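Enquirer: Kindly generate the complete structure, drawing on both the sequences and the hints.
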Amino acid sequence: MFQIELFIPELYLLTLIGGLFVLTVGPQSWWRFLRYLPLAAGVGIGVAALSFQFSGLMFYGAYQVDALSQFFKLAIFLGLAVTCLNAMNQPTLSEEKRPDYFLFLCLSALGLMLLSSAVELVTIFLALELASYSLYALIPLRSKEPAAAEAGIKYILFGAVVTALAMYGLSYILGVHHTTYLAELVTKTWSWSETPAALIGIALFLGALFYKLALFPLHFWCPDVYEGASNETAAFVATLPKLGAVVVLVRMSSLLDPSMEVTMLLAVLAAVSMTFGNLSALVQSDLKRLLGYSSVSHAGYVMLGIVAGTPAGLSAAAFYAVVYLLMNLACFWVICRLSTDGRNLKLDDLNGLYQRSPGLALVLAVSAFALVGLPPTAGFMGKLFLLNSAWMEGYHWLVIIAVLNSAIAIYYYLNLVRHAYTREAPTDVPAETLAVPNPGLLWGGLLAAAVLWLGVAPATLFSFAQLAGASAGSVFP
Amino acid sequence: MTESGFPVLSALIFFPLLAAVGLFFLRDERTVRLYTLVVGLIEMGLAAPLFRFDLSTANFQFVEIMPWVPAWNMNYHVGVDGISILMIFLTVLLLPLCVLCSWSYIGKRVKEFHFCLLLMIGACVGIFSALDFVLFYIFWEAMLIPMFLLIAVWGGPNKRYASLKFFIYTLAGSTLFLAAIVAFFVHTGTFSIPELMTHEYAFNFQFWTFLAMALAFAIKVPMFPFHTWLPAAHVEAPTAGSVLLASILLKMGTYGFLRFCLPLTPAASEYFAPLMITISIVSILYGGVIALGQKDMKKLIAYSSVAHMGFVTLGIFVFTMRGVEGAIMQMINHGITTGALFMLVGAIYERSHSREIADNMGLGKYLPAYMFFFGLFAIASFGFPGTNGFVSEALVLIGVFEANYLLGALTIPGVMLAAAYMLRLGLKLAWGQPSQAANWKDLNAREWVYLAPLAVLVLYLGLMPTLALKTINPSVVHLLNQYETRKALHLESSLQPEPPAQVFQLPATRGTDQ
Numbered sequence: 002m003f004q005i006e007l008f009i010p011e012l013y014l015l016t017l018i019g020g021l022f023v024l025t026v027g028p029q030s031w032w033r034f035l036r037y038l039p040l041a042a043g044v045g046i047g048v049a050a051l052s053f054q055f056s057g058l059m060f061y062g063a064y065q066v067d068a069l070s071q072f073f074k075l076a077i078f079l080g081l082a083v084t085c086l087n088a089m090n091q092p093t094l095s096e097e098k099r100p101d102y103f104l105f106l107c108l109s110a111l112g113l114m115l116l117s118s119a120v121e122l123v124t125i126f127l128a129l130e131l132a133s134y135s136l137y138a139l140i141p142l143r144s145k146e147p148a149a150a151e152a153g154i155k156y157i158l159f160g161a162v163v164t165a166l167a168m169y170g171l172s173y174i175l176g177v178h179h180t181t182y183l184a185e186l187v188t189k190t191w192s193w194s195e196t197p198a199a200l201i202g203i204a205l206f207l208g209a210l211f212y213k214l215a216l217f218p219l220h221f222w223c224p225d226v227y228e229g230a231s232n233e234t235a236a237f238v239a240t241l242p243k244l245g246a247v248v249v250l251v252r253m254s255s256l257l258d259p260s261m262e263v264t265m266l267l268a269v270l271a272a273v274s275m276t277f278g279n280l281s282a283l284v285q286s287d288l289k290r291l292l293g294y295s296s297v298s299h300a301g302y303v304m305l306g307i308v309a310g311t312p313a314g315l316s317a318a319a320f321y322a323v324v325y326l327l328m329n330l331a332c333f334w335v336i337c338r339l340s341t342d343g344r345n346l347k348l349d350d351l352n353g354l355y356q357r358s359p360g361l362a363l364v365l366a367v368s369a370f371a372l373v374g375l376p377p378t379a380g381f382m383g384k385l386f387l388l389n390s391a392w393m394e395g396y397h398w399l400v401i402i403a404v405l406n407s408a409i410a411i412y413y414y415l416n417l418v419r420h421a422y423t424r425e426a427p428t429d430v431p432a433e434t435l436a437v438p439n440p441g442l443l444w445g446g447l448l449a450a451a452v453l454w455l456g457v458a459p460a461t462l463f464s465f466a467q468l469a470g471a472s473a474g475s476v477f478p
Numbered sequence: 011m012t013e014s015g016f017p018v019l020s021a022l023i024f025f026p027l028l029a030a031v032g033l034f035f036l037r038d039e040r041t042v043r044l045y046t047l048v049v050g051l052i053e054m055g056l057a058a059p060l061f062r063f064d065l066s067t068a069n070f071q072f073v074e075i076m077p078w079v080p081a082w083n084m085n086y087h088v089g090v091d092g093i094s095i096l097m098i099f100l101t102v103l104l105l106p107l108c109v110l111c112s113w114s115y116i117g118k119r120v121k122e123f124h125f126c127l128l129l130m131i132g133a134c135v136g137i138f139s140a141l142d143f144v145l146f147y148i149f150w151e152a153m154l155i156p157m158f159l160l161i162a163v164w165g166g167p168n169k170r171y172a173s174l175k176f177f178i179y180t181l182a183g184s185t186l187f188l189a190a191i192v193a194f195f196v197h198t199g200t201f202s203i204p205e206l207m208t209h210e211y212a213f214n215f216q217f218w219t220f221l222a223m224a225l226a227f228a229i230k231v232p233m234f235p236f237h238t239w240l241p242a243a244h245v246e247a248p249t250a251g252s253v254l255l256a257s258i259l260l261k262m263g264t265y266g267f268l269r270f271c272l273p274l275t276p277a278a279s280e281y282f283a284p285l286m287i288t289i290s291i292v293s294i295l296y297g298g299v300i301a302l303g304q305k306d307m308k309k310l311i312a313y314s315s316v317a318h319m320g321f322v323t324l325g326i327f328v329f330t331m332r333g334v335e336g337a338i339m340q341m342i343n344h345g346i347t348t349g350a351l352f353m354l355v356g357a358i359y360e361r362s363h364s365r366e367i368a369d370n371m372g373l374g375k376y377l378p379a380y381m382f383f384f385g386l387f388a389i390a391s392f393g394f395p396g397t398n399g400f401v402s403e404a405l406v407l408i409g410v411f412e413a414n415y416l417l418g419a420l421t422i423p424g425v426m427l428a429a430a431y432m433l434r435l436g437l438k439l440a441w442g443q444p445s446q447a448a449n450w451k452d453l454n455a456r457e458w459v460y461l462a463p464l465a466v467l468v469l470y471l472g473l474m475p476t477l478a479l480k481t482i483n484p485s486v487v488h489l490l491n492q493y494e495t496r497k498a499l500h501l502e503s504s505l506q507p508e509p510p511a512q513v514f515q516l517p518a519t520r521g522t523d524q
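First to last, the sequence lines map onto chains A and B.
Note that my numbering has the first sequence beginning at 2, numbered continuously upward.
Note that my numbering has the second sequence beginning at 11, numbered continuously upward.
If you're looking for bench data, these hints aren't it; they were derived computationally from the structure.
Keep in mind that the hints are not guaranteed to be accurate.
Selected chain B positions facing chain A (in silico; Cβ < 10 Å) [said to hold, decoys possible]: (1) A81; (2) I148; (3) E151; (4) R170; (5) S173; (6) F177; (7) A182; (8) L186; (9) L188; (10) I191.
Cβ pair distances, simulated, as ranges [claimed, not checked]: (11) P204/B to K347/A: 47 to 57 Å; (12) L477/B to K347/A: 52 to 62 Å; (13) T190/A to T238/B: 48 to 58 Å; (14) K98/A to L221/B: 52 to 62 Å; (15) K347/A to Y115/B: 28 to 38 Å; (16) L221/B to S192/A: 35 to 45 Å; (17) A212/B to M265/A: 23 to 33 Å; (18) K347/A to N449/B: 39 to 49 Å; (19) P147/A to G303/B: 55 to 65 Å; (20) L221/B to L266/A: 21 to 31 Å; (21) R344/A to N449/B: 50 to 60 Å; (22) E205/B to M265/A: 26 to 36 Å; (23) T238/B to S286/A: 26 to 36 Å.
Quantities reported herein were computed from a predicted structural model and do not represent experimental measurements.
We put the CB at the ideal spot given by N, CA and C, even for glycine.
Expert: Here it is, written out as structure tokens:
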């Protein structure tokens with residue numbers, strides 16, 4: 002039964018998309034309305050917050066609205082608002098493509114939003130594809146940059162392969178268990194000895210999500226795509242699709258729980274992902290590649306909560322996903338503000354940032370320390386919740402690997418701060434080209450403040466995450 | 011809230027943090043310095059209620075507790091006992107002194123420098139008053155950031171290397187400490203330190219958690235062979251950074267041993283005591299020998315810190331009353347004397363622009379006041395009777411001899427080495443061939459103001475240590491009693507690990523069924 006109140010956030014976003022579509026086909030004079038897009042997405046946060054109270058099933062039980070989905074819809078609107086704001090003045094985007102760019106951004110966000118409510122494998126698959134197709138179009142939109150086309154092709158090709166694998170896995174699951182509804186799949190057997198094909202199927206299907214999350218071994222696209230895409234697009238790709246992947250993983254944790262074979266596999270992937278991502282990030286000099294590899298390691302961290310599989314673990318994963326969104330966006334915010342001509346920044350480009358723009362340097366420092374997981378930032382709190390939940394379930398070795406990985410990560414994140422604060426700006430460049438304009442510093446500051454605030458007082462967001470975690474394993478009959 | 015209603019510890023933690031924000035609105039450098047000085051003096055005033063500390067009990071006092079993250083049973087929980095209150099006094103006292111000793115030393119980014127200073131002090135008070143494990147860890151790590159910046163931005167020529175080494179070393183050490191915290195929580199269902207002290211832990215659990223915590227603490231102390239970050243950090247740090255590093259940061263490691271290792275992991279502490287004692291003695295001797303050969307004043311004092319802190323860990327791990335009391339006194343005394351010595355090095359550096367001993371000789375004739383203070387702090391540093399250093403070193407040595415004669419005999423050369431390197435330094439500075447000392451002015455009023463209180467403390471604690479000892483005594487008695495009882499209990503019964511506590515509370519409004 003279609004209950005319109007359950008669909009309010011999606012409808013609101015659909016309306017926005019409709020508006021953007023009109024702009025793409027309308028005269029150029031209408032494009033001035035684009036500047037209100039971040040505000041409209043910001044209103045979406047309120048809309049999602051207001052619809053937090055609703056819960057129910059729709060579309061023949063394939064679409065579930067509950068605390069988990071509403072929590073993530075709110076986070077998606079938040080991320081969308083910030084990425085739209087960030088992408089408003091994109092130096093590498095040709096003028097005639099601007100409305101299309103934002104149309105695709107919003108379409109991808111809609112896909113992710115649908116993903117957060119999908120409780121049926123085909124619906125999950127379709128939502129995932131909707132989120133991905135828009136990105137396939139967005140990534141190459143970086144004018145005069147051959148790497149952008151390469152990144153786009155890479156993302157599409159690998160994405161297509163992973164899609165095929167997911168479909169293949171879905172067919173296995175359907176073949177063995179004769180259903181694609183999570184509510185029914187929960188009741189089935191998931192063990193290597195009894196239903197090996199179903200287990201292979203779920204592993205392949207999860208592969209699609211791991212691809213989005215950039216979890217080892219499906220991470221390879223990540224640094225290349227970040228590097229090739231424009232800074233603003235990379236900021237989107239690095240944050241929102243991760244939220245989508247986490248929400249589905251949290252949702253599917255009820256399937257993973259009964260089968261130790263799968264959770265152990267996930268735990269091993271988490272450990273390898275953390276270690277591989279961090280070690281690779283150590284040697285990067287391109288900022289976006291560095292963040293790309295760091296996101297591989299963060300995918301591993303999030304898996305700690307999924308592997309734990311308990312309400313505590315799932316809430317921790319939900320909390321960390323939102324925290325990661327904020328701290329990564331803050332970091333990308335600085336990169337986008339610094340790269341006024343849209344080029345890729347190297348570590349040395351941060352030299353003397355403190356003198357050129359103390360505000361941006363501070364935002365960068367806060368986000369870098371948060372990404373390390375250093376107190377008193379939200380990154381620390383998120384990591385602590387994840388470690389607690391994994392240790393509770395007896396994954397001591399995984400927790401030890403996670404904390405040791407934090408030690409590795411210190412080096413490259415601290416490098417960002419070192420370059421910004423302790424190195425002098427190059428002397429052979431004219432002073433006027435060094436001065437960093439500070440437009441939108443306020444928003445970067447707000448992101449940094451949020452990261453700090455959630456580190457000091459995480460209880461409110463965590464109680465929401467707790468609601469989400471509690472409803473995660475539950476699938477309405 | 012406290013009994014009196016005034017949250018004195020929270021005020022001490024958060025006032026400097028809030029005051030740090032106020033710095034952003036100031037422009038003039040002189041105003042910034044004056045403002046921070048006034049903040050320091052107010053902070054000292056705010057500490058005044060702590061004088062109502064009840065000396066007769068080992069309980070935590072001035073306790074404040076309020077829920078923080080209820081789902082994980084985390085609380086904002088602070089309080090002090092006899093071990094931590096003296097460290098808080100020292101921390102609070104150092105803020106205005108650090109502002110004064112940096113008055114003309116720091117010439118660039120003055121506002122940011124004082125910002126870091128205020129953050130440091132707030133975090134350090136937080137460390138010594140936290141009674142929640144997570145809160146402790148937050149302050150423990152948070153103070154790294156301002157310290158890193160103090161070295162990295164205002165440090166000497168090799169500041170980048172030194173700051174990075176300091177940060178990575180100490181943070182890497184603490185990561186396993188975090189795993190230990192998680193383990194304790196999952197084992198007991200609480201982060202409350204007083205509550206954790208009431209639980210019993212199986213030896214295997216104690217073994218691993220002790221190792222994880224001890225690594226973090228040993229790096230912070232620093233104990234041989236984890237000390238290599240210290241000379242680099244000290245030499246490169248600005249004067250105030252060196253002072254805070256020596257006086258407070260190093261104490262966090264030994265405080266950790268006292269606060270966590272002995273009460274929480276008594277059996278493992280006993281098990282590892284021979285190792286810890288060996289490392290402590292090696293630290294004392296190694297630090298002394300290396301200090302003897304230094305040409306750089308700061309390096310010399312840095313290596314002497316390795317030796318002095320060796321006394322602290324030695325006193326802790328002999329588990330005798332006098333040993334532990336001496337260790338705590340040594341924490342305070344080292345904070346006072348070494349802090350003062352670094353200030354003196356900073357003062358002479360402002361005149362000669364060199365920290366080489368050879369460039370700063372012949373001060374006895376031209377800078378008598380300077381040499382007076384230097385002489386006083388130097389003899390206090392090697393434990394001359396009548397100074398504070400004597401009280402603590404004597405107590406530690408008595409404690410060590412009480413435990414084992416051989417250990418005492420092995421430690422004695424360390425005391426002699428301390429006398430040797432300090433006297434060598436003092437003699438060269440006072441009567442060495444003057445280089446340019448004739449052109450320098452003796453201590454000015456500002457320098458007198460920041461050195462005099464420390465000199466008074468050196469003599470006060472040296473001549474009348476009773477009040478300080480009375481303050482720490484009940485806590486030490488309690489600590490050792492608790493340690494002995496639980497150790498005995500552990501030996502009698504081999505404890506099994508408790509089942510993991512179900513601490514995670516599901517929200518009452520769980521919307522759906524599974």
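Enquirer: Could you run down the list of hints and mark each one as holding or not?
Expert: These are the hints, each one checked on the structure:
The criterion of a C-beta within 10 Å of any C-beta in chain A is met by A81/B, whose closest approach is roughly 6 Å, and the hint holds. Using the Cβ-Cβ criterion of 10 Å, the hint placing I148/B at the interface with chain A is satisfied: the shortest such distance is roughly 4 Å. With its C-beta approaching chain A no nearer than about 5 Å, E151/B sits inside the 10 Å limit, and its interface hint holds. For R170/B, the suggested interface contact is upheld, since its CB lies about 6 Å from the closest CB of chain A, less than 10 Å.
Evaluation of the S173/B hint against chain A yields a held restraint, the C-beta minimum of about 7 Å falling below 10 Å. Using the Cβ-Cβ criterion of 10 Å, the hint placing F177/B at the interface with chain A is satisfied: the shortest such distance is roughly 6 Å. Hint status for A182/B relative to chain A: holds, with the closest Cβ pair at about 4 Å, below 10 Å. Contact between L186/B and chain A, as hinted, is supported at the beta carbon level, the nearest pair being about 6 Å apart and thus within 10 Å.
For the restraint placing L188/B at the interface with chain A, the shortest Cβ-Cβ distance is roughly 5 Å, inside the 10 Å limit, so the hint holds. For I191/B, the interface hint holds, the least distance from its beta-carbon to any beta-carbon of chain A being 8 Å, beneath 10 Å. For the pair P204/B and K347/A, the supplied restraint of 47 to 57 Å holds, since their beta-carbon distance comes to about 50 Å. Checked against the hint of 52 to 62 Å, the pair L477/B and K347/A passes, with Cβ atoms roughly 59 Å apart.
One distance hint, 48 to 58 Å for the beta-carbon pair T190/A and T238/B, holds here, with the actual separation near 56 Å. Here the CB-CB span from K98/A to L221/B is close to 58 Å, well matched to the stated 52 to 62 Å. Look at K347/A against Y115/B: about 35 Å separates their beta carbons, and that is inside 28 to 38 Å. For L221/B and S192/A, the Cβ-Cβ distance of about 37 Å falls inside the hinted range of 35 to 45 Å, so the restraint holds.
Hint check: A212/B to M265/A, Cβ distance near 26 Å, so the stated range 23 to 33 Å holds. Look at K347/A against N449/B: about 48 Å separates their beta carbons, and that is inside 39 to 49 Å. A beta carbon spacing of about 60 Å between P147/A and G303/B agrees with the range 55 to 65 Å that was offered as a hint. Under the hint 21 to 31 Å, the C-beta atoms of L221/B and L266/A, about 30 Å apart, fit the expected range.
In this structure, R344/A and N449/B meet the distance hint of 50 to 60 Å, their C-beta atoms being roughly 54 Å apart. In this structure, E205/B and M265/A meet the distance hint of 26 to 36 Å, their C-beta atoms being roughly 34 Å apart. At roughly 27 Å, the beta-carbon separation of T238/B and S286/A lies within the given 26 to 36 Å, and the hint holds.
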